[in-house]
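Colleague: Sequence order for the protein chains is A and B.
For the first sequence, the working numbering gives the first residue as 1105, with consecutive numbering after it.
For the second sequence, the working numbering gives the first residue as 34, with consecutive numbering after it.
Please keep in mind that the hints were generated in silico from the structure rather than gathered at the bench.
From the three backbone atoms N, C-alpha and C, an ideal C-beta is built for every residue, glycine too.
Accuracy of the hints is not assured; some may be wrong.
Reference excerpt, derived from the structure (chain A facing chain B, CB under 7 Å, subset only) [to be verified]:
1. ALA1154
2. GLN1158
3. PHE1191
4. PHE1202
5. GLN1255
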Amino acid sequence: MAEIRVERVTKLFKPVRAVDDVSLTIADGEFMVLLGPSGCGKTTLLRSIAGLEQIDGGRIVIGDRDVTELPPRKRNIAMVFQSYAVFPHMTVFENIAFGLRMRRASKGDIDRQVREAAELLHIENLLDRFPAQTSGGQRQRIAVARALAVQPQVLLMDEPLSNLDALLRLEARAELKRLLGEIGSTTIYVTHDQVEAMSMGDRVAVMRAGKLVQVGDPLTIYNEPVDRFVGGFIGNPPMSFLPARIERRDGGAVAVLPDAGEVRIGADDGLGGHTGPILLGIRAENVEIVPAADGTMLRARVLVVEPLGSHNLVTLQVGAEQLKATTRPDERLERNQEVGLRVDPTHIRWLDTEREVAIGADHAAGPGGGQGAVTPQERDTDAPAAGA
Amino acid sequence: MTTTATEVPMARRRPGREWLIGRGLTYLAAALLALFILVPIYLITVSAFTPRADAYVFPRSVIPTAVSADSILFFLNASGVIDSFWRSVIVALITLALALLIGAPAGYAIARYAFRGRNGYRLVILATRAFPIVILAIPLAVTYRLWGIDDTILGVALMHTALALPFTVLITSSVFVSVPRELEEAAQTLGCSPLQAFLRVSLPLTLPGLAAAAIFTWVMSWNDVFAAVILTLRNPTLPAKILTALPQSPISYQFAAGFVMLVPSLVVIFFIRKYLLGLWGRVVK
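Using the sequences and the hints, build the whole thing.
Modeller: Rendered as structure tokens:
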């Protein structure tokens, strides 16, 4: 168990800054998810922490040891690879025992720890088999068991579920979360699947183009995305963005949406006195559809209704823009029906039109934003109160 | 609607027949290929064990009528044959060891590391084989004399190593490419140094490919006549000995010589063969 400190780490791949001045602290026992689209540098950052990549700048500290210059074997980490990287020429037992043998553990210890790890992952009946005789899901478990058997200070996982089919992935996700919760090891988990990130992480670090964009607990990331990218990346459906103008009238603020009406905002608006053009970030579940519009509501037209069982996903035309909303499954809406929308202004995320960054948010990656050295502590205290 | 119903069993039957034909053709091709290799081996063997008097009978009977080891024994007892036989074996073994010791690390480097000029290097390696050895012959003989390794086992082995290396490097590099890098990385995160990761993970997984490279190297050295003839005089390897001695010998001895040349290669291939086939029914990915 150990804290991990990533301090201003940079990794270059020729012209590209794969990881660009990233700082991040992962607390002892924390489950941190690195989330981002492919090519954003999350795997490179993970491999740098593992010692499989030599970094071009910055420092990596695990526990109280600076491991920046240490090879992987001296970092006291274990890693689960996306391809599992199970050794095909060894039995499952030998695979799990591999790390222990390298540490010259006694025969008794090896036997005991292999069996413990295998039992944790319910693969004790596979120990005599070769990997070729196991299924993909089983191989994934072997890889996790092999990593856990050495009782590492830090567990690194690189998209361990992405090669499983959808149903198995759902099951493995919950199982892995339970397992890692029991063990309580410090874990860094890389994924491009925002649902996986939300459901598993104590905190989520969103990356884009080598930079850390936002770090926070899943709900904060979901409700208070720091910019349009995060809002559009997290959540299914993603956040909708509507351009508007803020006007000040009789002591209060009003967001005027072109050809759609206006939203009255209370005094505690989280706008910081902003007026003029603005971008509204709205989550689908924060929109209430009212079949008969009155003058105080936004006007919209129903474009598509997608019944999803637990709820309906509705795509609405609001002025020139589109907005996603969810309704109860029994809500009756027709195509092209004119409806009214009620949006709680405290649930609206206000974004700067130019930079598409949330107003009041300290932004790491955007132009003119902070220069990347954003620690999670800073992030937590600086997070704006709007919509909380 | 009814057409789809009748098409389903049709669609099922047709691949069955095609499958059978495909299987038949595959076996036919395999059989032809095997015969292409086996018929000459058989004829040489039969001729080598035919009594000397029968050797000139034409047409020959495919099934031997009389068996005699006379030709073989006579050939083996001819002066210098046994010596040159062992010389050839030792040369081939040294070549095998040197080529793998030098070639496999080079192949590994080409497979694993992206270094500047990697493709050019690969091409240059191959290009060395394009250089005609005939042109090399005189300078080589002179250099060998200067260094005092002419007419020695080591000298021939060095030459064979040089000839075999390009292929050893290229074969082993393609073999190492087939082992995912992540396997070695996983071993490194589990406590291995890069060398240990190679020895414990990559090497066992690449044994079949390395065995193929070994066979190739062995055969190359065992079969080489040209370099051996240039570089040896009183201490020839077996092919060099046969080449210089046999044109004047009766045909039965030529077959006997062919047989003696054949057997060691078959023995070597027989022993390496078990590494050629995957040992673990493995699925690497």
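Colleague: List, from low to high, the hint numbers that the structure doesn't satisfy.
Modeller: Numbers 2, 5, in rising order.
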